[in-house]
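Trainee: As a plain string of letters, each chain reads:
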Amino acid sequence: MDLNQLIGRASGLAGGAGAALLKQLQHVRVPGAGQASATDDPEVAARRWRAVTVLREPADVDGAGLPAPLAALGDRIEVRTTPAPGDRGTELAARYRGTPGEDEIGDLRAALREAKALLEVGEVLRVDPQPHGTRAATPHGAALEGAAKAAPREGVL
Amino acid sequence: MRAVTWTGVNEVSVETVPDPTILNARDVILRVRRTTTCGSDLHLLGGYIPAMRTGDVLGHEFMGEVVEVGPGVRDRRVGDRVVVNSFIACGACWYCRQELYSLCDNGNPNPGITEGLWGQSPGGCFGYSHAMGGFAGSHAEYVRVPYADVGSFLVPEEVSDDRALFASDAVSTGWMGADLAGTKPGDTVAVWGAGGVGQMAARAAMLLGAEQVYVVDRLPERLEQVRRHVGAEVIDYSTTDVMAELRERTGGRGPDVCIEAVGMEAHSTGVQGVYDQVKQQLRLQTDRPSAVREAIMACRKGGSVFVLGVFAGPVDKFPLGAAMNKGLTLRGAQVHGQRYMPRILEHMARGELTTEHLATHVMPLEDAARGYRMFKDKEDGCVRAVFLPHG
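Respectively, the protein sequence lines represent chains A and B.
Last residue of the first sequence: 157 (the UniProt record's numbering), numbering continuous.
Last residue of the second sequence: 391 (the UniProt record's numbering), numbering continuous.
One chain only, chain B, in its complex shape:
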């Protein structure tokens, strides 16, 4: 089959690779219909997460049709149209039973790598390096889906492939951030980052009853998407002081909930931006945490900060004093998507959650190198490149 592989720092190519096979009884093989780039792929592409092997198949946000079923699968049948969560979870361990699926004890066959880094190992993820299990990704004609009864969800008839695709990760990650940050009716929520995840975090906050929702970014086309498709207000950090703006718009309180949807390659203005860039390039720090810092400083006293962006290691200039003295709740997670996808698909079926606008550039799998370049450079207003492995 054809698949998109990582071939070096900021290099991908489309190669012919072996087809996937059923390796465990609870696997299915999926014929991929839609698979999309995610901002977190850029950390892999750029070599910031140095656990990629040349030839690894990329991609973790996808949907498709079941074409083969392992003997231990209960609920999936050949022909099912499903969307699959990006994290691989067994459904049987204590974490899965608490609906903390990305923390699954049995989803990462390479726990030794991340245990050393973080003290414990999270679950595995499709196409996300050998540190996260070494699973082949979804940018391919076919993909193996382990624990398919737990991680795949039937797409309702009224939901198109284009809409369902983003339930896989962008919507479920955004929804999780808004929910686990404790968004309540009447709250004010600020989201840093107007990519797919940030937009969907804002939309989820609105569906959870938030009264005011602000999204912070600098790219005009993304801010326009937020206004038009999400219905939230926007703040352009390249032209205005975000903290002052938020104070002014919230009666001096600051947002009740602050959601960071940017990650380890955050852009920022001024001295802080230069400082973080230089330290990261010199490998003195792995991550550029400017949006997290600002979220903590902007949050109201006793409020909640949720880190959705991907980080890998220690950071500095972390405003711990602000977090402690303001009594903040600080939380983060990879996506516990299995917990939210049924509800998300219902909202999608009712037309309350639309995602088609995120797919600004839809192209054949063969054009993946161009797609990733456009996505990385945000060329031509690219928010997400979506690949069609079967045309």
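Excised from the complex, chain A in its bound form:
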């Protein structure tokens, strides 16, 4: 294996590692910050309702069927909408009917965020392709790229 192949392979691994690291970071609590309470059992955590609040009336959220990103998950999820207090719009929540894996939870996070953007703005904000200069093939760069690619599917949602 020549040097370029080695760097390419290291970058590939780093990209996967970046996404994995981001996933792990969601479960890390900075010492002393947000560490006061119990930690969810993984089964409970996976089964929780995941919710976004959408600044639209409930009828606009599910009146004419679910937004496409959520509809695409079909019967695998259950969805509920609730008027949010204080004129904040509608709470749009969803969870899997069974116990989902990490990838499925990622799908749901991305779908909820996209649904919210479609309802509030009418489109989902894109960021790629963007102008950029030469990207050196470094493990840090690849890890960051992996993390950024995974970011729409990660987070505490």
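No wet-lab data here; the hints were simulated from the structure.
All C-beta atoms, glycine included, are put in the ideal place defined by N, C-alpha and C.
Each hint should be verified, as a subset may be incorrect.
Here are the computed distance ranges between Cβ atoms for each label pair [as the list claims (entries may be wrong)]:
| no. | chain 1 | residue 1 | chain 2 | residue 2 | range |
| --- | --- | --- | --- | --- | --- |
| 1 | A | GLU123 | B | ALA244 | 55 to 63 Å |
| 2 | B | ARG77 | A | GLU123 | 15 to 23 Å |
| 3 | B | MET324 | A | ALA137 | 45 to 53 Å |
Here's a subset of chain A near chain B, in silico, CB distances under 8 Å, partners left out [stated by the list, open to error]:
| no. | residue |
| --- | --- |
| 4 | GLY89 |
| 5 | ARG126 |
| 6 | ALA151 |
Position chain B against the provided structure of chain A, taking the given hints into account.
Mentor: Frame of chain A; chain B shown alone:
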């Protein structure tokens, strides 16, 4: 096109990169006329915010001319001369409707990175790392501006490019700090940091009716700018005890409003300065919060402290006891510029808000590496380097 890219810790270069394109219906493409360095760029440059990818285009404070308009844009036309806020906000979510634009729910396509860090994700920012959305920055011949109807503002004819440029961030950030800290007529306001944002926070406090305004820094040329162009009083922390000085000048009360405009790489004197430097270099803390600590200690009982400087993570030796027992209001934010820019441009048009003096070093985009070096090292009295992408 030519653009300024981050190529490594404390390294930038000017490269030929692809032109930006319209990606969303509400985008415009701007031909950049002026774009400037901001102190918060230094945290990116220095690797303190480790979410920069080699080749990322820097820059978030800019103005220019609209050259292309997406099909969903209502109010912008080709040829409009506009100044754009550094934060990207949709204008439609609950936060935007509360005029808390930098908290926009739909402005950061990478929410997973900052949600883990902070519990929720703020909006996106031009040229400010993949943690803040991964948007290409403005140090380029052209830049894509998402949500252009919300984030771009027509520059009145009587306002020059040089003046309008700073409405993008320095003035709107400073104004927000003075306003959201609750500055009222008759108040005494102290501002830590005499960079562009600190100077403009002081000027905004004066326009909001503050009776006494003090600015704290150590650089003589910046303190002189405060005296001459802002009209506020100055305190040099390298030669005097700031808290004692403020007590003496405020009848023992302390300032009603304290605004921190320094951020995570604060300089300070004595043991505290060394302690924070060592901890930050060892990566035991991400931020050096010495100005925030001093602002909390100096503030009058029941007063208000606003953090405008950029911070990223947890800090220690934070005087929480002082904040609690003195009944302080502690607040911070990235810039909700869209809320203030119309008013700021009116003040600029009337000559009540001048910013040209901040642009101490104006140069072609090709000289950006030199510009950033001068800005970082505060060489030759550099307050801001301004780049002209089209000469």
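Trainee: If you take the shortest Cβ to Cβ gap from GLY89/A to chain B, is it below 8 Å?
Mentor: Holds, about 6 Å.
Trainee: Are ARG126/A and chain B close enough, Cβ to Cβ, to be under 8 Å, as the hint says?
Mentor: 4 Å, holds
Trainee: Quick one, is the ALA151/A hint okay against chain B at 8 Å, beta carbons?
Mentor: 4 Å, holds
Trainee: If you check the beta carbons of ARG77/B and GLU123/A, does the distance land in 15 to 23 Å?
Mentor: 21 Å, holds
Trainee: Taking the beta carbons of GLU123/A and ALA244/B, is their distance inside 55 to 63 Å?
Mentor: 56 Å, holds
Trainee: Taking the CB of MET324/B and the CB of ALA137/A, does the distance hold inside 45 to 53 Å?
Mentor: Once the Cβ atoms are compared, 50 Å apart, the range 45 to 53 Å for ALA137/A and MET324/B holds.
Going through the hint list in order, the structure satisfies each hint without exception.
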